[in-house]
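S.K.: Use the sequences and the hints to build the structure in full.
Residue numbers (our numbering), protein chains in the order written: chain L, 1 to 291; chain G, 1 to 323; chain D, 1 to 298.
Heads up, a few of these hints could be off.
[As the list claims (entries may be wrong)] As a list, the in silico DSSO-like pairs of lysine-lysine whose alpha-carbon atoms are at most 30 Å apart: (1) L:Lys108 to D:Lys30; (2) L:Lys108 to G:Lys90; (3) G:Lys59 to D:Lys30; (4) L:Lys108 to D:Lys31; (5) G:Lys203 to G:Lys91; (6) L:Lys108 to G:Lys10.
[Stated by the list, open to error] Not everything, but these chain L residues come out facing chain D in the computed CB check (under 8 Å): (7) Thr9; (8) Leu89; (9) Phe93; (10) Val125; (11) Met127; (12) Pro128; (13) Cys229; (14) Val248; (15) Ala251; (16) Met252; (17) Val259; (18) Ala263.
Quick caveat, the hints were computed from the structure, so don't treat them as lab data. Just so you know, these numbers come straight off a predicted model, no measurement behind them. Glycine included, C-beta positions come from ideal geometry on N, C-alpha and C.
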Amino acid sequence: MLWILATITFFMVRCAPGGPFDTDKPIPPEILKNIQAKYNLDQPMLVQYGHYLADLVRGDLGPSFRYANRTVNEIIAETLPVSAQLGLLGFLFALSIGLISGMLASSKPNSLRDYVPMGLSLLGVCMPSFVIGPLLVLVFALWLGWFNTSGWEEASDRVLPALTLGIMYAAYFSRLARVGFLDILHQDFIKTAKAKGLSAGRIFFRHAFKGGVLPATTFGGLAMSGIVCGSLVVETIFNIPGLGRFFVQSAMNRDYTLVIGTALLYATLLLIMNLVVDIAYVYLDPRVRHD
Amino acid sequence: MAVLDVKNLKTYFYTREGVVKAVDDFSFTLEMGMTLGIVGESGSGKSVSVCSLLGLIPKPPGRIVAGQALYRGNDLLQMSESQLRRVRGKKIAMIFQDPMTSLNPYLRIATQLTEVLAMHTDMTASQRLARGIECMNLVGIPNAASRIHDYPHQFSGGMRQRVMIAMALITDPDILIADEPTTALDVTIQAQILDLLVDLQRKIRMSVIIITHDLGVIARLSDRVLIMYAGNKVEEGAADDIFYRPQHPYTQGLLRSLPRLDVEHEELPSIAGSPPDLVLLKQGCVFAPRCPQRQAVCVEDRPIPIKRASSQHTAKCHWSADA
Amino acid sequence: MTDAAYKLGLAGKGEEKGTSLWMDSYYRLKKNKMAVVSFFYLLLQAAAAVFAPLLVQFSYEETDLVLGAVPPNAAHWFGTDDLGRDLFTRTLYGARVSLAIGVLAAFVSVVIGIAYGAISGFIGGRTDYVMQRLLEILYAMPFMLFVIILMVMVGRNIYVMFIALGAIQWLSMARIVRGQVIALKRMEYVDAARAIGVSNLKIIFRHMVPNVMGPVIVYTTLTVPAVVLEEAFLSFLGLGVQEPMSSWGTLINDGVAAMEVYPWMLIFPCSTLMLTLLALNFIGDGLRDALDPKVSRH
Chain L
1 MLWILATITF FMVRCAPGGP FDTDKPIPPE ILKNIQAKYN LDQPMLVQYG HYLADLVRGD
61 LGPSFRYANR TVNEIIAETL PVSAQLGLLG FLFALSIGLI SGMLASSKPN SLRDYVPMGL
121 SLLGVCMPSF VIGPLLVLVF ALWLGWFNTS GWEEASDRVL PALTLGIMYA AYFSRLARVG
181 FLDILHQDFI KTAKAKGLSA GRIFFRHAFK GGVLPATTFG GLAMSGIVCG SLVVETIFNI
241 PGLGRFFVQS AMNRDYTLVI GTALLYATLL LIMNLVVDIA YVYLDPRVRH D
Chain G
1 MAVLDVKNLK TYFYTREGVV KAVDDFSFTL EMGMTLGIVG ESGSGKSVSV CSLLGLIPKP
61 PGRIVAGQAL YRGNDLLQMS ESQLRRVRGK KIAMIFQDPM TSLNPYLRIA TQLTEVLAMH
121 TDMTASQRLA RGIECMNLVG IPNAASRIHD YPHQFSGGMR QRVMIAMALI TDPDILIADE
181 PTTALDVTIQ AQILDLLVDL QRKIRMSVII ITHDLGVIAR LSDRVLIMYA GNKVEEGAAD
241 DIFYRPQHPY TQGLLRSLPR LDVEHEELPS IAGSPPDLVL LKQGCVFAPR CPQRQAVCVE
301 DRPIPIKRAS SQHTAKCHWS ADA
Chain D
1 MTDAAYKLGL AGKGEEKGTS LWMDSYYRLK KNKMAVVSFF YLLLQAAAAV FAPLLVQFSY
61 EETDLVLGAV PPNAAHWFGT DDLGRDLFTR TLYGARVSLA IGVLAAFVSV VIGIAYGAIS
121 GFIGGRTDYV MQRLLEILYA MPFMLFVIIL MVMVGRNIYV MFIALGAIQW LSMARIVRGQ
181 VIALKRMEYV DAARAIGVSN LKIIFRHMVP NVMGPVIVYT TLTVPAVVLE EAFLSFLGLG
241 VQEPMSSWGT LINDGVAAME VYPWMLIFPC STLMLTLLAL NFIGDGLRDA LDPKVSRH
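M.R.: See the structure below:
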């Protein structure tokens, strides 16, 4: 699976015109030759591919073409924790706000408690993160002065980027949770629970909860992959030294190894995330477990 | 002694299309240890009427417009939600039609079965579990001690209905309401569940309300029978009176449409027409448009229940025999 | 309660008796005010985009550095940007790109999705199994990253972007179509058709296609806003439409940069984008409710 991915990206990147060492000024041929020899770029493509795969198996993603003397592994080791923290915060924010507001809305449909979160979530679905981000900066950083406009030093620097990243997915989670709970609350077994004299709270959290969050759970994998993409923009807006910013830059710079390495890493993360979602699904729905 | 005394219950649904008079004038008395059968076709308001008693109709659009339901002298319809909760499940338990959808697929049987006890008694967890297993044995579920930890989808339809019954019996309620308990089951399973209900009734002395459109079920279980049509109680009486001396033309039509082994039929007779739209009910008898004995007065005046002198037998018809 | 629901259902149906499924849906859609308003808004938007060259007296690329950025006024409805270009004109031209990309990419996704889903569902068996596993694998891919790589490699070609964005949207479509086809395959009337010797091809076109249409239409309307947003996303990263051509993404990008000094440069393109996305979502939701009354309307 990852191998297919590596192969596709490898050839896609290599077959494209232009190289990492194209600059405005022509480089003297002998220097170029030296550089190419250093990175094995002078050998036939299949040989390069073989080398790359062999390194990959050992967990070595190769040297960066653009950042001299640094390997892709080093760059990832340095930037991934930042991105992971951002992504996780964004995801948790989206999940918690989304589920809570969706549950609130479903507990009293067609009331103010339903219309307000759903209206907001509709706005959230339609607001691209690259608009939300600057707006949040304008209001909370420039006008109110609560946060820094950019950077990643203080704990408070995490707030605005995580919000920006999470809002759209909070909106999706909210809508899915509402639909999920409304659907469950209309099932016969909820009537059974009521007829047993259970309290509204117990019915909601004990009888409706698992089934209600299922639709939102299935969206978890997609949300994670959306958050990965969103982090590219958010890290750019807030000037955060994370993996996403490096990915965009390396793609622009044709830093082959960094592009492939990052793409592979993201794919691995998403595969793991999908596995987590599958496990969560099995935990929530016993019917899947026994099939 | 009467455990439940319902008088002039009216439950309406306020929809965009108009007011649906789902239950319009409904009264009955349930005696201790007796079984009352409520018969009617789909949409006649039989489920809504009992659900109204326990506050189980969705509000809005539903609303209980009038009536009184005295359970041991207290009016259920006047109770607050928290007071009602102490009655539901503990004093009055319900079994629903479809055992496939009435059990929560996400929770273990043990949880669903015993949570009523956690709610209404101060038993410990192990006592609750023991009581759960006891009840599952009572309704004839084999290997109850291990199966109690399974999920609903691991049970067959008939077994699930047994679980539902066990769930209803677990608190030793005064009244058991069974809403079409056999409708969703295979014929052979239906018979087993009916046997079980008859058997349980003999063992545990409680009052039962059984709702069905199946006169066969009623014949096996009920002491008294109540016939509903379009939200109205059209006839009520002892089971024998209803089956052998039906007064209302609707009841007569229902009985005629039953297949009988002792008579040869070319074709089963049916009642012409279809049930009325409850929004568009006019004055006059609700059954008038389909009634073979319709007269001018039937279209103009809503009949009042008429008592037969001999017994507790009433029919809501201008033309019932003794009138 | 089941009785009541049954009754309520009956009461609601009465007036629409005798209409076909499509007419029924049409009436339901017409009753949905938001969807109708959204529909006319989009119609207006699309017409304005198509006829943009005839409608405006300014050019989208001609700069007027003397004029610079001015707030909205009678001549420039949305104001001008820092290079003195009329923002209303540029927003309309941006609509051309954004809507075209949305519609085309949605079209690409519909074609691939229907073909894949229908084949998978109709043939079934081992083929279906393999195709579904492949779909699951593809689901886990960070596709936007590939589009980004692709855009860098082929050099920001707008047509490649059309196809690339469409090509990553078909997964859900394929899944929906497959589900529908499988459900329909089990229907008695398909068996009946087969029993009287109707050919497979005819079954597909006569029975399957009309039934699959509903969900496909709904999902397509929901794909368009997703693609519009993705185009804006790429343009924001500088990988989409290039100057002096405008798209909503590039306009918003410029607007964000000038947000504090010339707020109108952000407000107008951004609200246009959001209104369009809202409208598309309303129509999508409205269509879903209209075509499949079972799923919602709680």
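S.K.: Quick one: which hint numbers does this structure break? Sort them smallest to largest.
M.R.: 8 and 9
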